[in-house]
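Number of protein chains: 4
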Amino acid sequence: MLNIGIIGAGRIGKVHAESITYHVKEAQVAAIADPYMNEATTGWAKSLGIPNIYTDYKDILKDSSIDAVLICSSTDTHADIAIEAIKANKHVFCEKPISQDLSKIKAVMDVLAGSNVKFQVGFNRRFDHNFEAVRNAVSEGKIGDVHIVKVTSRDPDAPPIEYVKVSGGMFLDMTIHDFDMVRYLTSSDVVEVYANGTALVNPAIKDAGDIDTAIITMKLSNGALAVIDNSRKADYGYDQRAEVFGSKGQVAVTNDSGSTAVISTASGVTGEKPLYFFLERYMASFSKEVSLFVQAIINDTEVPVNINDGLQPVLIAKAAKKSLDENRPVLLKEIVM
Amino acid sequence: MLNIGIIGAGRIGKVHAESITYHVKEAQVAAIADPYMNEATTGWAKSLGIPNIYTDYKDILKDSSIDAVLICSSTDTHADIAIEAIKANKHVFCEKPISQDLSKIKAVMDVLAGSNVKFQVGFNRRFDHNFEAVRNAVSEGKIGDVHIVKVTSRDPDAPPIEYVKVSGGMFLDMTIHDFDMVRYLTSSDVVEVYANGTALVNPAIKDAGDIDTAIITMKLSNGALAVIDNSRKADYGYDQRAEVFGSKGQVAVTNDSGSTAVISTASGVTGEKPLYFFLERYMASFSKEVSLFVQAIINDTEVPVNINDGLQPVLIAKAAKKSLDENRPVLLKEIVM
Amino acid sequence: MLNIGIIGAGRIGKVHAESITYHVKEAQVAAIADPYMNEATTGWAKSLGIPNIYTDYKDILKDSSIDAVLICSSTDTHADIAIEAIKANKHVFCEKPISQDLSKIKAVMDVLAGSNVKFQVGFNRRFDHNFEAVRNAVSEGKIGDVHIVKVTSRDPDAPPIEYVKVSGGMFLDMTIHDFDMVRYLTSSDVVEVYANGTALVNPAIKDAGDIDTAIITMKLSNGALAVIDNSRKADYGYDQRAEVFGSKGQVAVTNDSGSTAVISTASGVTGEKPLYFFLERYMASFSKEVSLFVQAIINDTEVPVNINDGLQPVLIAKAAKKSLDENRPVLLKEIVM
Amino acid sequence: MLNIGIIGAGRIGKVHAESITYHVKEAQVAAIADPYMNEATTGWAKSLGIPNIYTDYKDILKDSSIDAVLICSSTDTHADIAIEAIKANKHVFCEKPISQDLSKIKAVMDVLAGSNVKFQVGFNRRFDHNFEAVRNAVSEGKIGDVHIVKVTSRDPDAPPIEYVKVSGGMFLDMTIHDFDMVRYLTSSDVVEVYANGTALVNPAIKDAGDIDTAIITMKLSNGALAVIDNSRKADYGYDQRAEVFGSKGQVAVTNDSGSTAVISTASGVTGEKPLYFFLERYMASFSKEVSLFVQAIINDTEVPVNINDGLQPVLIAKAAKKSLDENRPVLLKEIVM
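As you go down the protein sequences, you meet chains S, E, L and X in turn. Note that UniProt numbering numbers the first sequence so that position 3 is 3, with each residue one more than the last. Note that UniProt numbering numbers the second sequence so that position 40 is 40, with each residue one more than the last. Note that UniProt numbering numbers the third sequence so that position 222 is 222, with each residue one more than the last. Note that UniProt numbering numbers the fourth sequence so that position 289 is 289, with each residue one more than the last.
Heads up, some of the hints might be wrong.
The list cannot tell twin chains apart, which means a pair is met if one copy fits it or any two copies do.
Taking lysine-lysine and the BS3-like style, the derived pairs with C-alpha atoms no more than 30 Å apart in a straight line are [said to hold, decoys possible]: (1) K142 x K206; (2) K46 x K248; (3) K14 x K165; (4) K142 x K248; (5) K333 x K165; (6) K142 x K233; (7) K333 x K322; (8) K248 x K233; (9) K46 x K25; (10) K25 x K14; (11) K248 x K206; (12) K46 x K14; (13) K142 x K87; (14) K333 x K206; (15) K165 x K248.
Hints are computed from structural coordinates only; laboratory data are not their basis.
Using the sequences provided together with the hints, build the complete structure.
What follows is the structure in structure tokens.
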């Protein structure tokens with residue numbers, strides 16, 4: 001039974017705590033820490049049977065019975081805590097992105113290089129049933145050589161402006177998942193990026209120096225082309241689709257919805273909207289990624305999303321931002337760590 | 001160039017005249033007759049370039065340059081005109097049903113037996129692209145042996161009560177196409193029928209002695225089971241679907257619509273309703289059935305819908321009506337011609 | 001925290017034990033009993049943290065700390081155990097069917113009438129997301145008055161002949177869920193049944209006195225018509241669909257599959273088969289039905305599937321069997337308890 | 001009755017001649033000219049009842065009874081013939097592109113400016129039922145303000161290398177339709193283009209100096225972003241889709257196929273491939289565009305695709321080629337006529 005400590009009891013920390021408790025048989029949540037730990041969160045943690053509840057994550061790192069930590073704190077703290085955890089010889093599952101600061105990712109990589117700990121990054125969408133089906137079809141050769149990759153990713157609503165201001169920009173905050181998806185679906189790296197972006201959803205987003213609508217094209221190392229289209233607000237809900245087209249055909253996935261019900265009336269033939277947002281659409285993927293992290297530790301095998309998988313999307317996001325700023329295609333190798 | 005005379009210039013007579021003129025290269029409409037021929041219809045016929053326009057269909061039968069006739073007059077006149085036409089040595093395409101009176105169908109069969117004319121019945125739905133695809137999948141063995149056949153057939157709106165009163169009842173007027181479809185899709189005959197029927201759409205239909213909603217089950221000569229569900233009024237339009245299930249799988253077809261457009265908004269994910277009614281859904285089938293009739297004449301081959309194919313659905317309809325009246329399954333052989 | 005005892009540690013008993021442990025927060029499995037309790041099952045039960053493991057269910061009934069029992073034993077024992085449990089003042093969740101013997105169901109009803117215990121029957125499909133969506137659309141009036149109900153229910157493979165021989169026949173074993181579905185979707189009772197059935201999947205099923213393919217039509221108390229089509233073996237997997245058609249339109253649900261992936265190649269445009277069988281398709285419904293049972297106990301409210309809901313499908317199945325034997329429509333009131 | 005002369009009796013000239021004969025009631029083909037007129041083509045023309053068959057198109061222009069001409073000759077001759085036709089006071093329907101040479105388009109525009117003739121360009125896809133549905137949804141405001149436009153356009157197979165060499169390049173030969181589609185669907189102009197392109201289908205295409213796979217992004221004058229993805233070879237057939245996403249939702253269209261048949265077997269749930277190529281998919285659009293041209297002449301109204309609509313896609317294609325060559329975004333105003 002693996003003992004896990006969760007650092008950060010916000011939304012995603014809670015999702016992981018519940019996933020481990022109910023769905024990951026080989027592990028248990030032995031501790032949780034959050035500087036803003038309050039009565040409600042303490043009550044929730046106790047109801048899950050979590051024995052140790054802290055305000056300081058260092059209490060988790062000090063506990064020698066803890067095998068692994070999940071870093072679910074705010075993004076700016078990920079890298080520093082990761083380094084401490086590695087040094088404390090804890091296996092690390094780190095939420096995405098590792099950092100918005102490339103030098104900090106490099107620092108984590110350096111510490112990791114000299115250690116024996118497992119380090120997994122939280123790109124949960126890789127464990128979604130639909131995207132796994134695309135990846136499998138591609139890797140099994142069902143569509144031949146990859147020529148074109150298309151990812152559509154649109155949120156149901158724009159975040160608050162206060163959040164936008166500190167998010168690091170749409171590419172690092174939202175598109176980063178889609179950059180990872182392009183790599184995951186094709187098992188190929190991104191070489192060059194060109195980004196078109198604008199603020200059409202909310203002018204306040206523009207005032208905050210960010211965009212809410214984008215089309216980003218990429219050249220991949222296998223010679224294929226890729227495109228992502230993003231919007232911060234799709235009125236019909238969370239739109240998460242992908243297509244990979246190749247020499248023998250295409251594989252495509254569309255959205256999940258609450259049921260297959262179709263109502264036909266004088267007004268038309270109407271199905272349900274997509275599941276509302278990531279907690280609804282991707283809940284099973286959160287269990288699966290942590291379960292695979294636990295198995296990689298138990299079996300001493302490779303984690304499914306390693307630190308380079310954490311680095312690459314940040315590089316792509318940086319290149320996309322530079323492309324947007326300079327209105328020209330940007331090579332990934334122009335981004336200096 | 002085959003010369004065709006059209007008897008009856010109502011809706012379906014006009015459809016056939018236009019189909020032949022625009023789509024059937026080996027034939028031309030040489031004459032049209034209708035007792036209610038008026039200025040508008042005459043103008044329409046002239047615009048198509050039809051040289052001979054009559055009020056009496058006998059003028060068509062007398063014309064030795066006419067090779068074939070299409071009988072598009074009212075149902076009660078089909079059989080008598082067909083007999084006259086066969087005797088005049090014209091090939092006959094007869095709209096469905098040949099007659100609601102079995103003795104009249106028998107009379108046509110008797111006259112036909114001693115002749116060399118081709119006789120085709122107007123079950124146009126056999127030439128619809130969707131139902132042809134089902135038939136082909138079945139006959140090519142893609143679903144193995146047939147076990148279950150399901151036909152859904154619902155009109156967009158109930159006919160006027162005055163029409164209901166003279167229609168011969170829903171089974172002979174509407175379901176007759178579906179009875180034919182069961183035979184067509186399976187290449188098998190119906191042995192026994194059980195019908196449930198009621199008037200839920202419009203109580204006036206009940207007062208007129210008819211039904212507007214029905215589920216009819218059948219045992220087929222190949223051992224399979226079949227079911228038809230009917231309604232005189234589907235608020236979303238003309239619902240025309242079929243499924244055949246067998247030992248290796250299933251083939252199913254759904255409705256056609258005006259476009260593939262799907263609009264996703266806060267209200268849902270909405271596609272178009274089915275094409276409104278039979279003129280929209282089945283227009284291409286009208287050209288195709290007449291074209292194949294013309295080719296059967298030119299090449300002296302079998303017509304695709306022969307007089308037995310015209311008889312059987314009438315027998316099934318009679319059995320269904322008897323089943324409804326007596327609330328018991330009725331064997332087709334109970335129906336005496 | 002409600003203490004639940006599970007009687008029967010076969011497949012469905014295990015499903016419920018895991019559901020309660022992982023998904024039902026207000027309850028825990030306090031005991032499990034099975035006459036064939038072995039090392040493997042004991043190990044499994046311990047891994048779930050079930051404290052009491054018995055071979056005799058009477059040990060559960062004797063335990064005053066147990067609030068409710070789930071009867072998951074073989075069908076022929078359901079009623080007797082249910083009566084004992086009610087007398088022991090335990091709330092009862094009883095798997096379907098309560099009994100194949102109407103007098104036994106009546107005996108349960110009699111004992112229940114004088115008690116204060118909750119009694120729920122295990123028609124889990126009522127808690128499937130798709131069928132709930134149909135029921136909701138109907139009850140919210142989105143399709144107007146119900147005219148036609150269609151249920152398709154086909155298993156991925158026929159059970160072993162040895163099972164067929166003791167199953168009570170397809171109607172009581174398999175179609176019973178579909179009879180319940182007709183009632184659930186329409187909130188209406190069945191008045192009359194006509195059944196067509198045959199053995200097309202496997203002749204040994206016929207030799208065993210049973211059928212494997214059926215179409216059953218029904219008249220409902222609200223005046224609507226219903227039809228179920230069944231097969232014991234659909235080569236493409238578990239086919240579980242329903243449609244309800246009414247005065248304002250139709251609501252229809254189709255199958256769930258493992259992903260939305262569609263692969264387009266030179267061979268066609270191919271999606272996944274339906275989820276394989278009931279454990280895959282209906283897993284979430286097993287948690288939900290027990291969770292609602294627990295809530296009904298805690299809140300002292302009506303259970304969602306009461307004993308009459310358990311009785312009616314057995315009556316319909318008996319009527320269907322009589323209809324098949326006598327080849328005539330059978331009124332439910334002909335079936336004497 | 002409008003008299004039409006067709007210049008060029010190749011594939012598209014024949015399509016138009018048959019469309020007019022069978023589907024355009026207000027017009028007739030009075031003459032056809034082709035320098036390679038042979039016995040087969042002459043026979044075909046006579047079978048359609050075309051009275052005048054020439055080898056020299058000037059014979060058509062000289063004929064004062066001819067009201068309008070359809071220019072269906074090779075692309076390099078379009079502009080010169082168009083100028084002659086305008087000077088001969090014939091209304092002109094010109095196949096796309098008007099010219100690959102911007103100065104020639106300008107010359108046509110200059111001559112046209114001083115005339116009273118109607119001039120329509122053959123962007124037939126505007127008259128496809130699916131794309132019309134998208135345009136209508138957008139223009140009716142159903143999806144709000146346009147944010148993102150996506151066009152997928154893939155041919156079923158690459159053209160012969162000999163054709164590739166003289167085609168003017170994929171952007172001018174194939175993508176030109178998609179550039180027009182972006183303008184048509186949004187009623188907006190293209191301001192800037194960035195093109196990624198490569199040869200993945202056939203290395204000989206690269207050797208011929210062309211590409212076969214591309215993703216092109218655009219900024220539109222209304223502030224929206226657009227993307228086109230192209231391939232010269234989709235193994236599953238002609239892939240022609242579009243999506244427009246906006247502030248209130250999305251409208252999307254997918255491919256047409258030969259039937260709605262879906263076959264479910266142990267191998268999966270398989271529908272038909274898209275209709276094979278443009279003659280299958282777009283046949284109805286060819287009739288419709290000519291019919292609307294004829295009506296614009298008869299009613300003296302605006303043509304639905306004017307000479308600016310012919311010019312703009314050529315400008316976009318030139319900009320895309322420049323972008324590909326220079327690997328940078330190119331403003332349309334950089335392209336000098």
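Which of the numbered hints are not met once you compare them with the structure shown? Of the numbered hints, 2, 13 do not hold.
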